[in-house]
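K.L.:
Let the sequences and hints guide you as you build the complete structure.
Position 231, counted from 1, in the sequence shown is what the numbering used here calls 231; the numbers after and before it change by one each time, with no gaps.
There are no misleading hints in this set.
Quick list of the computed label-pair ranges, beta carbon to beta carbon:
| id | residue 1 | residue 2 | range |
| --- | --- | --- | --- |
| 1 | Ser6 | Gly406 | 53 to 59 Å |
| 2 | Asp243 | Asn129 | 29 to 35 Å |
| 3 | Asp101 | Thr7 | 31 to 37 Å |
| 4 | Asn129 | Ser570 | 44 to 50 Å |
| 5 | Trp738 | Glu658 | 23 to 29 Å |
| 6 | Asp119 | Gln643 | 55 to 61 Å |
| 7 | Asn183 | Gly406 | 33 to 39 Å |
| 8 | Gly196 | Glu657 | 50 to 56 Å |
| 9 | Gly196 | Ser6 | 38 to 44 Å |
| 10 | Asn129 | Tyr206 | 26 to 32 Å |
| 11 | Gly466 | Tyr628 | 50 to 56 Å |
| 12 | Ser272 | Asn183 | 47 to 53 Å |
If you are wondering where the hints come from, they were derived from the structure by calculation, not from laboratory data.
As the structure is a computational prediction, the values presented were derived from the model and not from experiment.
Backbone N, C-alpha and C fix where the C-beta goes; we use that ideal spot for every residue, glycine too.
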Amino acid sequence: MSKTISTEQIDYIVHNSHQDPFSVLGAHTIERDGKPVWVVRAYLPDVEAAWVELSEERKSYPMESVHHPHFFECELDRPVDKKEETDPFPINYQLRLKQGDHERVIYDPYAFRSPKLTDFDIHLFSEGNHHRIYEKLGAHLLSTKGVEGVYFAVWAPNARNVSVLGDFNSWDGRKHQMAKRGNGVWEIFIPEVAVGTPYKYEIKNYDGHIYEKSDPYGFQQEIRPKTASIVTDLDSYQWSDTDWMETRRNTDPMTSPVSIYEVHLGSWLNASYDEPGTDYLGNPLPPVAVADLKPGARFLTYRELADRLIPYVKDLNFTHIELLPVAEHPFDGSWGYQVTGYYAATSRYGTPQDLMYFIDQCHQNGLGVVVDWVPGHFPKDGHGLAFFDGTHLYEHADPRKGEHKGWGTLVFNYGRNEVRNFLVANAIFWFDKFHIDGIRVDAVASMLYLNYDREDGEWVANQYGGCENIEAADFLRQVNHVLFSYYPGILSIAEESTAWPMVSWPTYVGGLGFNLKWNMGWMHDMLDYFAMDPWFRQFHQNNITFSIWYHYSENYVLALSHDEIVHGKSNMLGKVPGDEWQKFANLRCLYAYMFAHPGKKTLFMSMEFGQWSEWNVWDDLDWDLLQYPPHQNLKGFVSALNQIYRNEPALHSQDFEEPGFDWIDCNDNSHSVVSFLRRDKFSDDVIVVVCNFTPQPHSHYRVGVPEGGFYKEIFNSDAANFGGSNMGNLGGKWTDEWSFHNYPQSVDLCLPPLSVLMFKRDRDPSPVTTSSDTVSVNTTM
Numbered sequence: 001m002s003k004t005i006s007t008e009q010i011d012y013i014v015h016n017s018h019q020d021p022f023s024v025l026g027a028h029t030i031e032r033d034g035k036p037v038w039v040v041r042a043y044l045p046d047v048e049a050a051w052v053e054l055s056e057e058r059k060s061y062p063m064e065s066v067h068h069p070h071f072f073e074c075e076l077d078r079p080v081d082k083k084e085e086t087d088p089f090p091i092n093y094q095l096r097l098k099q100g101d102h103e104r105v106i107y108d109p110y111a112f113r114s115p116k117l118t119d120f121d122i123h124l125f126s127e128g129n130h131h132r133i134y135e136k137l138g139a140h141l142l143s144t145k146g147v148e149g150v151y152f153a154v155w156a157p158n159a160r161n162v163s164v165l166g167d168f169n170s171w172d173g174r175k176h177q178m179a180k181r182g183n184g185v186w187e188i189f190i191p192e193v194a195v196g197t198p199y200k201y202e203i204k205n206y207d208g209h210i211y212e213k214s215d216p217y218g219f220q221q222e223i224r225p226k227t228a229s230i231v232t233d234l235d236s237y238q239w240s241d242t243d244w245m246e247t248r249r250n251t252d253p254m255t256s257p258v259s260i261y262e263v264h265l266g267s268w269l270n271a272s273y274d275e276p277g278t279d280y281l282g283n284p285l286p287p288v289a290v291a292d293l294k295p296g297a298r299f300l301t302y303r304e305l306a307d308r309l310i311p312y313v314k315d316l317n318f319t320h321i322e323l324l325p326v327a328e329h330p331f332d333g334s335w336g337y338q339v340t341g342y343y344a345a346t347s348r349y350g351t352p353q354d355l356m357y358f359i360d361q362c363h364q365n366g367l368g369v370v371v372d373w374v375p376g377h378f379p380k381d382g383h384g385l386a387f388f389d390g391t392h393l394y395e396h397a398d399p400r401k402g403e404h405k406g407w408g409t410l411v412f413n414y415g416r417n418e419v420r421n422f423l424v425a426n427a428i429f430w431f432d433k434f435h436i437d438g439i440r441v442d443a444v445a446s447m448l449y450l451n452y453d454r455e456d457g458e459w460v461a462n463q464y465g466g467c468e469n470i471e472a473a474d475f476l477r478q479v480n481h482v483l484f485s486y487y488p489g490i491l492s493i494a495e496e497s498t499a500w501p502m503v504s505w506p507t508y509v510g511g512l513g514f515n516l517k518w519n520m521g522w523m524h525d526m527l528d529y530f531a532m533d534p535w536f537r538q539f540h541q542n543n544i545t546f547s548i549w550y551h552y553s554e555n556y557v558l559a560l561s562h563d564e565i566v567h568g569k570s571n572m573l574g575k576v577p578g579d580e581w582q583k584f585a586n587l588r589c590l591y592a593y594m595f596a597h598p599g600k601k602t603l604f605m606s607m608e609f610g611q612w613s614e615w616n617v618w619d620d621l622d623w624d625l626l627q628y629p630p631h632q633n634l635k636g637f638v639s640a641l642n643q644i645y646r647n648e649p650a651l652h653s654q655d656f657e658e659p660g661f662d663w664i665d666c667n668d669n670s671h672s673v674v675s676f677l678r679r680d681k682f683s684d685d686v687i688v689v690v691c692n693f694t695p696q697p698h699s700h701y702r703v704g705v706p707e708g709g710f711y712k713e714i715f716n717s718d719a720a721n722f723g724g725s726n727m728g729n730l731g732g733k734w735t736d737e738w739s740f741h742n743y744p745q746s747v748d749l750c751l752p753p754l755s756v757l758m759f760k761r762d763r764d765p766s767p768v769t770t771s772s773d774t775v776s777v778n779t780t781m
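P.N.:
What follows is the structure, given as structure tokens:
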């Protein structure tokens, strides 16, 4: 048989440099004696002989080597049907291959020209507006004319050629060469590849350098230190949270309680090797060997965390769990903030379906899930996004824009449409496929400023000569606009530490579009204040009161986060002065003031029971402390604090509206006492809050109130069951017709040491008389 293709084309295939191998390989029609006939071509490295099998006709055609010992072709002795010429799967054939003493039959991947990616998909992707591009790029199970397999697609516009690697081809990049489509997307359908198959992309640049990369859109990765992506089916999980999702859609989080328990899954609680984990099908999991964990320890799986973490957080009465990044990352010590697999839930704790189960169980137990999201930078690991197609594709080429030297990471090129699309779609992906309820966007300040952590001469100004990263700001506006369009009722929280205006304002008024922002100023002021000896606090009353001056400029979250109890900063108990009793009292005072202050709330794990040591990512929390009453009491205090916060709309319904807060008195610095009102948005309920920030109790402390009547003491941080001295106000106080603090009525209170008291006017008080002249034991807690 004469050769039906040019030597040059064969050489391109053999040397793995053809950008459209489908134009050479597979089934094609040629003219022979004036008539169209079928010819089948295949490049089969390591194969000694091959045949084309026509199963419907029960015929076998031997293939011949042409020009190269592993390039085969044959003509088929059958007529060409005109319909077949336009069919992407023109003839139903298989290849029988002989390798040594073994023979096997396979489907030819180059017989399937049925792209999942359309021209319209490519158009949207090119302009940065394909919100669900993850449904097209990556690895997707596909059935074509009864043949099961996986469709692979990857964006690598500057590559000379791209191949898929896996066990199915002995990790040989010659065997499954991909075809290049518009905008630099490469694709191929590989028959008979199934769920659970590891794979990578072999990318060769024009200099001939080869890079083996995991899939940027891969949904699962191998357990580190391995780095291959894994084919999985995210739609196989059956959700049971329909009611939760519908309720969320019709709920305004701005007027609802939001109290977040921040947790790092790998160091909350470890299990023993003697406790085998299971995957989402109930099959035993091998223990994950982590040399730096304590001997004999392993991570809990997502399913084990569902059984242990969810009841724990529910008992503490938090409304949400915030997970430090669960996207795949190679190094445990990065805490998840150096991501290599943006679309892959980390395999440390199980499969993607296991994480879905965890989130599903959270919803069924009334807990929302917030996930830390890291669009600001990514690591330089060779299998990741860095220098992806042999060029600076996802990052800027200029290190003055493309590198965070302090972190050793690279910065996304937000001005490139496809890169921006990658990130926008990634945010949508976590809400779409994993049903999360919010994101906390990490290190927003590093994104917004071109000179962030850079010396003069190490950064490039924007087109107007300024230091603002306009492209990053536009990206954040886009992602928030899209998220709230699809998912009303969710949270988008910015960790932003500068004075950039309108971070939590809507995009239609020029804001960045977040609905919440961490209040870093409040956090620093409060930690500085509570670190002082109480005697000196009288000179720093401004630390307590200053936050209200700017509170209504943004929608704030008051956060005591993981960043504050690492790297020599001490855990919370170590930050505050005094003996052990005073340390716990100081913490109760701080937490209670935090929950009474306007704004949503976040506490990091271990803070709820008073761990002495800093957070250590290589170990779990010091749970043995809970055998001691002070730590038990603090845990019970946080639970009660969350409960009253959730039960009293005045403490959360007007967090971001000025009528929701009024100072009663913020000027009593000589006693380090402040008092204020919190008002409900939907009723006339008012809560009076009085805070004593010193160990000195006050037996007759008068506070003005807006109405006369009986004010029930609904919360006392000094109650005995919290570990306090049990001073209080006998359950409440009647008002006196004594004008005070510009209010017509007032109450005479007993202020316990280092305490926060909350009072609520009882609309129908019991006929019980209490003395305003008595320093009383609190009997209501």
